[in-house]
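Novice: Use the sequences and the hints to build the structure in full.
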Amino acid sequence: MTKLVQLLFEGVSVGCLYALVALGFVAIYRASRVINFAQGSLLLLGAYLISYMVIDKSVPWFLAAAIGVAAMVMVGVLFQVFVLRRVTGQPVFTVVMITIGLNIAITALVPAIFGVNQRPDGTGDPIGTGELTVGGVVFTWVNIWSIIVTAIVLAGFFCFDRFSRYGLATRATSVDEEAALAVGIPVRRVNALSWGLAAGIATIAGIFLTAFPRGLDPTTGDIALAAFPAIIIGGLESPLGAVIGGLTIGIVELLTQGYESNIPALGHNFYTIAPYVVMIAVLLIRPYGLFGQRPVERI
Amino acid sequence: MATPSVAAEPVRSGVRGRVRAIRLGTWLTLPVLAVGLVLPFFLDDFWISTLVFVLIGAIGGLGLNVLTGYTGQVSLGQAFFLGVGAYTAAVLGQDHGVNALLWIPAAGLVAALLGGLIGPTALRLRGLYLAIVTIGLVFIGQHIFVNLESVSGGSQGRAIPQPAFLGLDFSSDQNSILGIGFNRDGLYYYLSLFILALAMIFVRNLTRTRTGRALQAVRDREVAAALMGVDLARAKVGAFVISSFLAGVAGALYGAFLTHVDPLQFNLLLSIQYVAIIIVGGVGTVWGALLGAIFIEGLQPVLERYSDSIPLLQHSAGEGGIAVGDATDIIFGVLIVLFLVVEPRGLIGIGARARALAIRTRVARSRQAASGLEEKA
Numbered sequence: 001m002t003k004l005v006q007l008l009f010e011g012v013s014v015g016c017l018y019a020l021v022a023l024g025f026v027a028i029y030r031a032s033r034v035i036n037f038a039q040g041s042l043l044l045l046g047a048y049l050i051s052y053m054v055i056d057k058s059v060p061w062f063l064a065a066a067i068g069v070a071a072m073v074m075v076g077v078l079f080q081v082f083v084l085r086r087v088t089g090q091p092v093f094t095v096v097m098i099t100i101g102l103n104i105a106i107t108a109l110v111p112a113i114f115g116v117n118q119r120p121d122g123t124g125d126p127i128g129t130g131e132l133t134v135g136g137v138v139f140t141w142v143n144i145w146s147i148i149v150t151a152i153v154l155a156g157f158f159c160f161d162r163f164s165r166y167g168l169a170t171r172a173t174s175v176d177e178e179a180a181l182a183v184g185i186p187v188r189r190v191n192a193l194s195w196g197l198a199a200g201i202a203t204i205a206g207i208f209l210t211a212f213p214r215g216l217d218p219t220t221g222d223i224a225l226a227a228f229p230a231i232i233i234g235g236l237e238s239p240l241g242a243v244i245g246g247l248t249i250g251i252v253e254l255l256t257q258g259y260e261s262n263i264p265a266l267g268h269n270f271y272t273i274a275p276y277v278v279m280i281a282v283l284l285i286r287p288y289g290l291f292g293q294r295p296v297e298r299i
Numbered sequence: 001m002a003t004p005s006v007a008a009e010p011v012r013s014g015v016r017g018r019v020r021a022i023r024l025g026t027w028l029t030l031p032v033l034a035v036g037l038v039l040p041f042f043l044d045d046f047w048i049s050t051l052v053f054v055l056i057g058a059i060g061g062l063g064l065n066v067l068t069g070y071t072g073q074v075s076l077g078q079a080f081f082l083g084v085g086a087y088t089a090a091v092l093g094q095d096h097g098v099n100a101l102l103w104i105p106a107a108g109l110v111a112a113l114l115g116g117l118i119g120p121t122a123l124r125l126r127g128l129y130l131a132i133v134t135i136g137l138v139f140i141g142q143h144i145f146v147n148l149e150s151v152s153g154g155s156q157g158r159a160i161p162q163p164a165f166l167g168l169d170f171s172s173d174q175n176s177i178l179g180i181g182f183n184r185d186g187l188y189y190y191l192s193l194f195i196l197a198l199a200m201i202f203v204r205n206l207t208r209t210r211t212g213r214a215l216q217a218v219r220d221r222e223v224a225a226a227l228m229g230v231d232l233a234r235a236k237v238g239a240f241v242i243s244s245f246l247a248g249v250a251g252a253l254y255g256a257f258l259t260h261v262d263p264l265q266f267n268l269l270l271s272i273q274y275v276a277i278i279i280v281g282g283v284g285t286v287w288g289a290l291l292g293a294i295f296i297e298g299l300q301p302v303l304e305r306y307s308d309s310i311p312l313l314q315h316s317a318g319e320g321g322i323a324v325g326d327a328t329d330i331i332f333g334v335l336i337v338l339f340l341v342v343e344p345r346g347l348i349g350i351g352a353r354a355r356a357l358a359i360r361t362r363v364a365r366s367r368q369a370a371s372g373l374e375e376k377a
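Chains as they are written, first to last, in our numbering: chain C, 1 to 299; chain X, 1 to 377.
Keep in mind the hints are simulated off the structure, nothing from the lab. It is possible that part of the hints are untrue.
Okay, the calculated bits of chain X under chain C, using three or more residues with CB under 8 Å as the criterion [said to hold, decoys possible]:
hint	region
1	117 to 125
2	274 to 284
3	330 to 344
Here the structure is a predicted model, which is why all the values come from computation and not from measurement. Here a beta-carbon is modelled for each residue, glycine too, at the ideal position from N, C-alpha and C.
Specialist: Printed below as a string of structure tokens:
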């Protein structure tokens, strides 16, 4: 029982990070119908920037984190403005491939700039290695803070989405880009903003992803691959779906990791692919995810 | 509606561009084939072995182009089918002593069978949803490969047999056909060239048949195609089968040429390479796969070979500067981005542009001539 509670807690905590990455995907997908395959590399670059400032240049952590997030927001916006804006109107697939190219380039650029060695302290965050033990279940502060910060970011995102003018503009653009343009919504600015948001959220996810005990290394960005099932389960255009998908994936992953030794037929490390198996099962029942919209087709 | 179902939106180059590309292709076929046949006599082993990877990439890329380019089903699962092909070759050729003339097509058939089983998911999923499910296929496939030790040799990998038929031994450097000596790379070059030529003829002809037009109708507008009587299930599953077949054959050749493969080689990056091949070359074109493969498969070996003369590059770790692997990836990524921003139709599109420019110049010149005549009159 203790083991189950422990795994569920850790699953929720990891799931929160998946939810953050997934939220970045959803932000971009809603604005431009593109899945951003570069999300993982943006996370990686953001985490390395902060880590470099804090550990190599002794910048205070909170300042470095703020600068890092702001810098990555700029990177996201600039990439949209200077690269993606040029391929407006091209097939989605072309744009997706550009984000794949960006991912490959940044993922190789990071070890070239910052070195290939692991940075065990991650971003040098002040949370440390402390933990709470309640009834035999260990709650590390990193996990607790991951959940709290994710909740704050999600709340912020929902408020932005519901109550701000740009949130409304984003929703309108996601429903119908042409109609949005026709009523004077600055669709280009909405697109740029969505990239900034996604990169910023990715960096925040990166901070907690690389905190104790995981550490930061050039493969950290691969988490984005693990977050794909989350957005698909939730449905590509639903922020709520991203959260539920992320939590589902986190819990499924941790539970399979904890219990897979009881079922040898699954093979070693089945937990790494369990999210994909769940994703395929969900898609066969609901092809557009739990909260996705089925597009209505006209001839 | 700008994009009613963006996910299903086809990967299309303008119809006129395609027609021009086809004409261009027809005129170029014979000279290109002739160059392809004599090329190895003028190149050293490095270039021949690079070209073998190019040809194998073109075979697999052509398969993906049938699925993604002609039928509009985006797949990132090509690496899985390459793996299936390589392991089929290993099991049949090595464990059962089957001749390569059988195990090469068999590798394609087994992959095609699996493609046919997985194809029906495409009936329920569209666009990027399908793309991500095929990513899942790559991960699940790797998991199965690692755990099926009797087939794959586990994470250590296993040897892939060398073809031997018609008196030719692909493991040796001393072979002769009609008195001309061929080494191992040369034999692989001609075998791959032969298979690629067959595949290109097949795909070219396929696109002009009723079935091929059905595939393209599915890509352009699925609902409309269904209303006109195209059997969506047949078209999509068929495209998956053809694509997987070519991937399986490419996988068998790839494994055999490398002589040893391990499951982690059939990863997402390999799939991405194949997608990059067709996008850089030209989506929905027969020649695109070859052009793209020249670019994508050639990039890494060339960079590695000339890394000495490129500043800031280092050969081995600890010398300072950027590692060759990283530099290749950076250039690879940046080139994909630049390429697609400048010419989203791929290398084929550049050809079409050049032609369009030539035609415009000709028209402008004849107009000038015509106005000159009028002035005289």
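Novice: Compare the structure with each hint and give your call.
Specialist: Going down the list of hints, with the structure as the test:
1. 117 to 125: holds (count 3)
2. 274 to 284: holds (count 4)
3. 330 to 344: holds (count 10)
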